[in-house]
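Student: The residues making up each chain are set out below.
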Amino acid sequence: MSRIKRGRGMAASWYGIARTATIDRAGAWAELDDGGTGKVVTGVTEIGEGILTVLAQIAADEMGIKPEDVTIGDNDTARSPEAAHAGATRQTYMIGNSVALAAREALKVLHEELADHWDVATSDLRAFDGQVWAEGTNHRMSMDEAVATCKARGVVPVGSASFTAHGTGLDPVNGSGSPWQAYVFGTQVAEVEVDTWTGEVQVLGIWAAHDVGRAINPRGVEGQIEGGVVQGLGQALMEEYITDKGHAITHGFAKYILPTSLDIPQINSIIVEDPDPKSPLRAKGIGEPSLVPTAPAIMNAIYDAIGVRIKTLPATPERILKALRERNPKQTPVARDNRPQRTNTARHSAATI
Amino acid sequence: MPKLTITANVNGRKISRETQPFSRLLDFLREDLNLTGAKEGCGAGECGTCSVFVDGTLVKSCLMPAAKAQGTRIETIEGLAKPGSLTVLQKAFHKTGASQCGYCIPGMVMAATSALRENPNADIEEIKERLGGNICRCTGYTKIFEAVEMTKAILAGDSPESVLEEDKVGDSYIGANVRRLDAPSKVSGRLKYAADIKMYDMLQMQVLRSPFAHATIRSIDTHEAEAMDGVACVITADDVPGNDGFGVFVHDQPIMARGKVRHVGEAVAAVAAEDVLTARRALSKIKVEYEALPGLYDPSEAMKPDAPIIHDYAPDNLIKHIPIRKGDIEKGFAEADIILEDDFSTQQVEHAYLEPEAGIAYVDPDDVVVVISPSQNITHHRHMLAEIIAKPINKVRFIMSPVGGGFGGKEDMIYQGMLALGAMKTHRPVQLNFTREESLIASAKRHPARIHYKMGLKLDGRLTAISFDMLSDGGAYGMSSEGVMRKAAILSCGPYKVDNVNIDTRAVYTNNTPSGAFRTFGGMQAQFATESMMDMAAETLGMDPFAIRRINMMTIGATTHTQQTLETASLDRVLAAAETASRWEKGAPTVRGSERRDLCGPDTRQSCTLGARIKTNHNNPRFCAQVA
Ligand code: FES
Ligand code: FES
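Taken in order, these protein sequences are the chains called D and W.
For the first sequence, this note's numbering begins at 243 and goes up steadily by one.
For the second sequence, this note's numbering begins at 3 and goes up steadily by one.
Treat the hints with caution; some may be incorrect.
As the list claims (entries may be wrong) - Keeping only pairs whose Cα atoms sit at most 30 Å apart, straight-line, the calculated DSBU-like set for lysine-lysine is:
#, chain 1, residue 1, chain 2, residue 2
1, W, Lys5, W, Lys70
2, W, Lys588, W, Lys456
3, D, Lys487, D, Lys393
4, W, Lys170, W, Lys84
5, W, Lys170, D, Lys487
6, W, Lys70, W, Lys84
7, W, Lys333, W, Lys456
8, W, Lys306, D, Lys487
9, W, Lys499, W, Lys333
10, W, Lys84, W, Lys262
11, W, Lys70, D, Lys497
12, W, Lys200, W, Lys427
13, D, Lys520, D, Lys350
14, W, Lys393, W, Lys427
15, W, Lys200, W, Lys397
16, W, Lys200, W, Lys333
17, W, Lys499, D, Lys520
18, D, Lys564, D, Lys487
19, W, Lys16, W, Lys194
20, D, Lys281, W, Lys306
21, W, Lys262, W, Lys287
22, W, Lys397, D, Lys487
23, W, Lys289, D, Lys281
24, W, Lys170, D, Lys350
25, W, Lys200, W, Lys84
26, W, Lys5, W, Lys194
27, W, Lys456, D, Lys281
28, D, Lys564, W, Lys456
29, D, Lys281, D, Lys520
30, W, Lys5, W, Lys200
31, W, Lys70, D, Lys281
32, W, Lys194, W, Lys427
33, W, Lys499, D, Lys487
34, W, Lys16, W, Lys5
35, W, Lys262, W, Lys16
36, W, Lys588, W, Lys499
What the hints assert, rightly or not - Facing chain W, from chain D, some residues (calculated, C-beta under 8 Å):
#, residue
37, Lys247
38, Glu354
39, Ala357
40, His408
Calculated directly from the structure, the hints in this document are not laboratory data.
By construction, the Cβ of each residue, glycine as well, lies at the ideal position given by its N, Cα and C atoms.
Excised from the complex, chain D in its bound form (with noise of 0.2 Å):
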């Protein structure tokens, strides 16, 4: 038996967008302000995602400016409107669409004072990249002075909008109900080396294809999937936060392993748009739904690579050893976790250098 096996396995999986089984909701206020810029103020944002920057392309677009003009106030309970929590997948959609029907609005009044303005109809006004104008006119004017126009007679253009997600309960008995209203799906492939010798596994390829709905920024759904994929793959093969009668074991990153740049695998990601139709945007979410399928696919892989099939997350090496004994007891692979010291020695590395 050669000691290093190679393997492949997938995994397919589901995931519902926003908060679970109850109705969800986020509340934003926008303004198109001087110089033609904007400000959008909402209860909640950041945690790493990218958000800010997926709230400022969308209030950009519907604003007619530029992402880069767009000021966002946010995560203060007493200075924005009430959009929630940060977490279950919900924040373009949710989040994002009350922002993209605030933005809407503060455009339709400024649209409104320009027709007026110009005499046209409101539905020949088009606005985008800091320009506003009439279709099938010459009235044209960069939205600094459309701002200041709609101001002069007297009118601020501010817009504000709640966004609902109708989420129903389960029913207690038989769990029926619908949890939410919009669902994505993905697919994974991963390809892995195992070491028969060490029982080490390394995923050498990840192929990702995802669900989200519309992609507002390609780039940042990637770096969801990336990081969803790390975090799987953490889960799958190292990550155990161990405790003995209730007293941590594993309490600092010596002891509670997680990926670092060598564990790292190829990534391949396949962005799938399947538009959402009940809302605004069309967009759905990807920031849990990445994660889920890379385990399965990493231990189908690995039953692929030989013939040991793990029931019990993380596939460390020792339980790699352990079943690859059980499976055949006469041949005893080498006994020899190199893990740790591994890990250890590439987390001084960059010190030492």
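Starting from the known structure of chain D, arrange chain W with the ligands on it as the hints suggest.
Tutor: What follows is chain W with the ligands alone, placed relative to chain D:
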């Protein structure tokens, strides 16, 4: 203790400043020089967030005594580029989207800068090794590698600097790769997280935590601690003016232990003092009398009749049971040609956000209690805290500071209440920054799950019935357990049409570290089992894994396990996309790794062994002859 004066060149300027004799270089930079770009992610040399250059060498400043920096040349993230500008590498991080929460990013930028300074020709494998001491929990590192490679190409003249510019936009900003607007603040170390903020007259809080997993608190004597010079207040559960109790679904957790402790690391008392050291010393003067109770550490034991009771309101230790029933499970299994039955389990997982919990509270001039923290749910925290401190809701204000990673782990209000009480008792700003160890033992984890699975199928691969039973350890408090059980149950049997399902998910109390919200909220644990079972079924039936999923997949109009009719469904497209992109070779999953011809493609990375990297692996005839 006499102070120590450090004279050094910091970011090109000579400075001479006093510090504590026990200061680490990281403390000196952050506390004495207000250079907060270097972060304390672990304090133990294991994460790299504190990386700086000393005399040109990359060091982890949490491991270096400040005294050792005497006379050295120090370069921090703040000094890499002139104020208001960015280095090429920082711009590349901006361009590729290499920063997410940003907490690891100053350290990552320093490590990558070091890699390229040491070897401008470093290949990707060497770059990965050189970044190996820096953890990022958000990005999956991929865009970081891309940024380093982009920088390398620009510095070598192989690529024009214009690749760093914003992509041109067409007729809409939707679908455009607009560069992250918050990236410049993150790659430059300018963004202030809660632990980076200083307020005038601010106190430091430290928390006394339980060494017992389950014990009655007989008494807490705080007199000696309170009398100490520099101590502003000591708080315990007795200081709570309103209805004490928080939680995402059930409000079963007091701000600090009330009458008993239910897990190791639970907050018992807290001290606010002029500085951290005084606060820590005061903790050792608090006398707590405990009486140990029998502990409960295994969720399977929790529902036995003689099990210890963790919460009086739940004598059966059950936090939540979610049942889902559809069709006729007996009939479904009777119709099956094959029945597979197996058990799966998943572990407790730590969120490991690089930013440990941190926060500040103060009472503003209008008597509003203000809490600044990286909370993922300021809306709910405001509701709960108003009730706990008996204030009208508009007299409580939550501000969400930049979140250095959350993943669900910052949804629980595990320390904001203590901060509020400290501020109310002293009318001074109070700050609390967790150590990594504190964060690990006191914050919620991903629910570990034990799943018993039974699946019935026809010979053509169609599912006829699934019975799914999952038991989760909720730990000492309810936190998000109810919601996690609900989501796990709804998603458990996967995106497949099954007429007959019987699903039960249960979370129970134990005396283990509490479990809570964690990215996928139970969905991952449940679907791990389902997707393993699907492959096991495919092997038994001799079917390709994609094929068996296609036969069963939910399509538009399908009825879900909770009997919702799907109005959209895209599983067909994501299956096709993954199958095509991965060049999947069809076949049943019968351990055919050694015969596959779809391995080792250009879309995989090289395998590696550290220190003896097998550079030729892609050409290794054992695998790669198969890839024509
Ligand atoms: S390595 Fe210094 S704080 Fe983690
Ligand atoms: S961006 Fe690296 S830890 Fe968040």
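Student: For each hint, tell me whether it holds in the structure or not.
Tutor: Hints and how they fare:
1. Restraint check for lysine 5 of chain W and lysine 70 of chain W: the C-alpha separation of about 15 Å stays at or below 30 Å, so the hint holds.
2. A hinted pair counts as satisfied when its Cα atoms are at most 30 Å apart, and lysine 588 of chain W with lysine 456 of chain W qualifies at roughly 26 Å.
3. Only pairs whose Cα atoms come within 30 Å are accepted, and lysine 487 of chain D paired with lysine 393 of chain D is rejected, the gap being roughly 68 Å.
4. With a C-alpha separation of about 27 Å, the suggested pair lysine 170 of chain W and lysine 84 of chain W falls inside the 30 Å cut-off, and the hint holds.
5. Pair hint lysine 170 of chain W plus lysine 487 of chain D does not hold up; C-alpha atoms about 58 Å apart against a cutoff of 30 Å.
6. Our distance criterion of 30 Å between C-alpha atoms is met by lysine 70 of chain W and lysine 84 of chain W, whose separation comes to about 27 Å.
7. Pair hint lysine 333 of chain W plus lysine 456 of chain W holds up; C-alpha atoms about 14 Å apart against a cutoff of 30 Å.
8. For the hint pairing lysine 306 of chain W with lysine 487 of chain D, the CA-to-CA distance comes to about 18 Å; that is within 30 Å, so the pair holds.
9. Note on lysine 499 of chain W and lysine 333 of chain W: the hinted pairing holds, with a Cα-Cα distance of about 16 Å set against a maximum of 30 Å.
10. With a CA separation close to 54 Å, the supplied pair lysine 84 of chain W and lysine 262 of chain W exceeds the 30 Å bound.
11. At roughly 28 Å between alpha-carbon atoms, lysine 70 of chain W and lysine 497 of chain D fall within 30 Å of each other, so this suggested pair holds.
12. About 20 Å separates the Cα atoms of lysine 200 of chain W and lysine 427 of chain W, which keeps this hinted pair within 30 Å; it holds.
13. For the given pair, lysine 520 of chain D sits about 22 Å from lysine 350 of chain D by alpha-carbon distance, which is consistent with the 30 Å threshold.
14. Of the supplied pair hints, the one linking lysine 393 of chain W and lysine 427 of chain W holds, its CA atoms being roughly 14 Å apart against a limit of 30 Å.
15. The straight-line distance between the Cα atoms of lysine 200 of chain W and lysine 397 of chain W is roughly 23 Å, inside the 30 Å bound, and the hint therefore holds.
16. For a cut-off of 30 Å, the pair hint linking lysine 200 of chain W to lysine 333 of chain W is broken: about 66 Å separates their Cα positions.
17. Annotation: proposed proximity of lysine 499 of chain W to lysine 520 of chain D holds, straight-line Cα distance about 23 Å (limit 30 Å).
18. Among the hinted pairs, lysine 564 of chain D with lysine 487 of chain D is consistent with the structure: their alpha-carbon atoms are about 25 Å apart, no more than 30 Å.
19. The hinted pair formed by lysine 16 of chain W and lysine 194 of chain W meets the criterion: a straight-line CA distance of about 25 Å does not exceed 30 Å.
20. At most 30 Å may separate the alpha-carbon atoms for a hinted pair to count; lysine 281 of chain D and lysine 306 of chain W exceed this at roughly 57 Å.
21. With a CA separation close to 20 Å, the supplied pair lysine 262 of chain W and lysine 287 of chain W stays within the 30 Å bound.
22. Straight-line distance between C-alpha atoms of lysine 397 of chain W and lysine 487 of chain D comes to about 42 Å, which puts the hinted pair past the 30 Å bound.
23. In summary, the hint linking lysine 289 of chain W to lysine 281 of chain D is not supported, as the alpha carbons are separated by about 53 Å, beyond the 30 Å threshold.
24. Proximity of lysine 170 of chain W to lysine 350 of chain D is assessed by CA-CA distance (about 27 Å); at most 30 Å being required, the pair is judged to hold.
25. With a CA separation close to 24 Å, the supplied pair lysine 200 of chain W and lysine 84 of chain W stays within the 30 Å bound.
26. Of the pairs offered as hints, the one joining lysine 5 of chain W and lysine 194 of chain W holds, with about 28 Å between alpha carbons and a cut-off of 30 Å not exceeded.
27. About 54 Å separates the Cα atoms of lysine 456 of chain W and lysine 281 of chain D, which puts this hinted pair outside 30 Å; it is violated.
28. Restraint check for lysine 564 of chain D and lysine 456 of chain W: satisfied, since their Cα atoms lie roughly 25 Å apart, inside the 30 Å limit.
29. With a C-alpha separation of about 26 Å, the suggested pair lysine 281 of chain D and lysine 520 of chain D falls inside the 30 Å cut-off, and the hint holds.
30. A C-alpha spacing of about 21 Å is found between lysine 5 of chain W and lysine 200 of chain W, which places the hinted pair at or below 30 Å, so the restraint holds.
31. For the proposed pair lysine 70 of chain W and lysine 281 of chain D, the alpha carbon gap of about 49 Å is over 30 Å, so the pair is violated.
32. Taking the CA atoms of lysine 194 of chain W and lysine 427 of chain W, the gap is near 27 Å; set against the 30 Å cutoff, the hint holds.
33. The hinted pair formed by lysine 499 of chain W and lysine 487 of chain D fails the criterion: a straight-line CA distance of about 42 Å is larger than 30 Å.
34. Taking the CA atoms of lysine 16 of chain W and lysine 5 of chain W, the gap is near 19 Å; set against the 30 Å cutoff, the hint holds.
35. Taking the CA atoms of lysine 262 of chain W and lysine 16 of chain W, the gap is about 54 Å. The hint is violated against a cut of 30 Å.
36. Annotation: proposed proximity of lysine 588 of chain W to lysine 499 of chain W holds, straight-line Cα distance about 23 Å (limit 30 Å).
37. Checking lysine 247 of chain D against chain W: minimum C-beta separation of about 6 Å stays under 8 Å; hint holds.
38. Interface hint status for glutamate 354 of chain D: violated, as the beta-carbon distance to the closest one in chain W is roughly 23 Å, over 8 Å.
39. For alanine 357 of chain D, the interface hint is violated, the least distance from its beta-carbon to any beta-carbon of chain W being 22 Å, above 8 Å.
40. For histidine 408 of chain D, the interface hint is violated, the least distance from its beta-carbon to any beta-carbon of chain W being 11 Å, above 8 Å.
The structure shown violates the earlier hints numbered 3, 5, 10, 16, 20, 22, 23, 27, 31, 33, 35, 38, 39 and 40.
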